[in-house]
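K.L.:
Kindly produce the complete structure, drawing on both the sequences and the hints.
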Amino acid sequence: MTARLAQRLRARLPGLAAGVLRLLHAVQLARLARDAAQARRVAARQGRPPAPRVAVAACWHFPVYSQTFVQQEAAALAASGVELRVFHQATGPRADLAHPCRILWGRRWRLRLDRATGALDLAQFEREAPAAVQRLLDRLAAATGLAPADLRANERVLQAFSFARAMRAWQADYLHSYFFYEQSLFVWVASQLLGLPRGVSCYADHLLRDDPLKAVALQLGDSAVVVATSRRIAGELLALHGGPLPGLLVKPNAIDTRSFPPRPPAGPARPAAATPLRLLSISRLDPKKGLEHLIEAVQRLHAQGLPLRLHLAGEADRSQPEARAYEQALRAQAGLLLAAGVLRFLGRCDSHRVRAELRAADIFLAPSVELPGGDKDGIPTAVLEAMAAGCAIVATRAGSLDEVLADGRDGLLVPQRDPAALAAAIAALAADPARARALGEAAAARARAAFDIAVCEAPFHAAVRAALQAQAGRARA
Numbered sequence: 001m002t003a004r005l006a007q008r009l010r011a012r013l014p015g016l017a018a019g020v021l022r023l024l025h026a027v028q029l030a031r032l033a034r035d036a037a038q039a040r041r042v043a044a045r046q047g048r049p050p051a052p053r054v055a056v057a058a059c060w061h062f063p064v065y066s067q068t069f070v071q072q073e074a075a076a077l078a079a080s081g082v083e084l085r086v087f088h089q090a091t092g093p094r095a096d097l098a099h100p101c102r103i104l105w106g107r108r109w110r111l112r113l114d115r116a117t118g119a120l121d122l123a124q125f126e127r128e129a130p131a132a133v134q135r136l137l138d139r140l141a142a143a144t145g146l147a148p149a150d151l152r153a154n155e156r157v158l159q160a161f162s163f164a165r166a167m168r169a170w171q172a173d174y175l176h177s178y179f180f181y182e183q184s185l186f187v188w189v190a191s192q193l194l195g196l197p198r199g200v201s202c203y204a205d206h207l208l209r210d211d212p213l214k215a216v217a218l219q220l221g222d223s224a225v226v227v228a229t230s231r232r233i234a235g236e237l238l239a240l241h242g243g244p245l246p247g248l249l250v251k252p253n254a255i256d257t258r259s260f261p262p263r264p265p266a267g268p269a270r271p272a273a274a275t276p277l278r279l280l281s282i283s284r285l286d287p288k289k290g291l292e293h294l295i296e297a298v299q300r301l302h303a304q305g306l307p308l309r310l311h312l313a314g315e316a317d318r319s320q321p322e323a324r325a326y327e328q329a330l331r332a333q334a335g336l337l338l339a340a341g342v343l344r345f346l347g348r349c350d351s352h353r354v355r356a357e358l359r360a361a362d363i364f365l366a367p368s369v370e371l372p373g374g375d376k377d378g379i380p381t382a383v384l385e386a387m388a389a390g391c392a393i394v395a396t397r398a399g400s401l402d403e404v405l406a407d408g409r410d411g412l413l414v415p416q417r418d419p420a421a422l423a424a425a426i427a428a429l430a431a432d433p434a435r436a437r438a439l440g441e442a443a444a445a446r447a448r449a450a451f452d453i454a455v456c457e458a459p460f461h462a463a464v465r466a467a468l469q470a471q472a473g474r475a476r477a
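Going by full-length UniProt numbering, the letters in the sequence shown line up with residues 1 to 477, in that order.
All the pointers check out, no bait thrown in.
With a straight-line cut-off of 27 Å between C-alpha atoms, the simulated DSSO-like cross-links for lysine-lysine are:
no.	residue 1	residue 2
1	Lys288	Lys376
2	Lys376	Lys251
3	Lys251	Lys288
These aren't lab readings, by the way, just hints derived from the structure by calculation.
Bear in mind the structure is a predicted one, so any value in this text is a computation, not a measurement.
P.N.:
Okay, structure coming up:
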């Protein structure tokens, strides 16, 4: 009897599981709808129109420790008078959210997306608007080279239909995504099905052929707002699209420079054999960061007898085997420096520790390189923070770094993959503290003038408002 009962239960488990998923999905949609209704009621009680509802999607996980630049942009948008939610599918620890962006912790919304309910949502949209669904799938098929039948069975595509139903329940007015991975696919599908304006902020992955569903040119053409985080990236996007992009906006990453007070006046010059020169680099441990060349430069300087200490802050992305292998290679390369106490791997540092390290540093290093596959840095947040903190900076001519730093004005620029040039630049600043301080002061002034959120984010907010106004005009027509 027990065995027969167990067999029957096993036979019924798939159906029970599907039923549970449908129930959870229905509850999720109801919660989203209640949130929208609550916002309308609050606005009515206060005698004002409801704030525009902005949905942001960046990665499957939120927050992501290394994506301070995403958090800064979303936090500034949330503070601009919109009702913003960050939609994601897995929640990370609160400590991974940069302290200045803590407003986002209360604005996050975890969506549960899966293949089974995605198939139901695809069927729902096909019942409502079969021609629109077919056109969407045909356009995506043409852009990706995948057959429409394969797209219908693709888990990410099915999840995108569930995301669209969630956005409809939440009554989103504008959708914004980051990068061109699955979240941008979700946003594109939702914008097409619901007739909503969408935007996308672009960094480096538009050049990487690492996801068959990216459809970069298609997404660019359907975006009311396209944020290029450097002039170089803007040129790449225009080339990929093959024509003008009316919604294109060049807006670099930005920081709140108020978090980095000016450095105190210079003290007495450091005696040649006294306190070691303090070097700092902050980045993910990733091949495009070029840290092996910095380690070699420090090895050269240490062999020459220059007293120095290098702190490397950051960690590898544990989900990426290449990044894990890169970290292991760095640690092996740095073995003698580690043993001598010249180099320390600090690992993950929160924003408070980052500020403390920047205050203590004499020179900040950004030895980035451009990888053969096209991956490269845009404008790293760590470089902007080092500028705001008044560090003397040595960086490479890689990615968009030369759009931020002018050689000899607010930093020193050296060729990529050139440890000798890195070592020479460090030695030159060590020998001339007054010049190092002047470069740091110039960098801090430039950060405040050109890369503060008060300067950079206003044009983006204006572009979002323009997209919302255009949508309202179409609705009235």
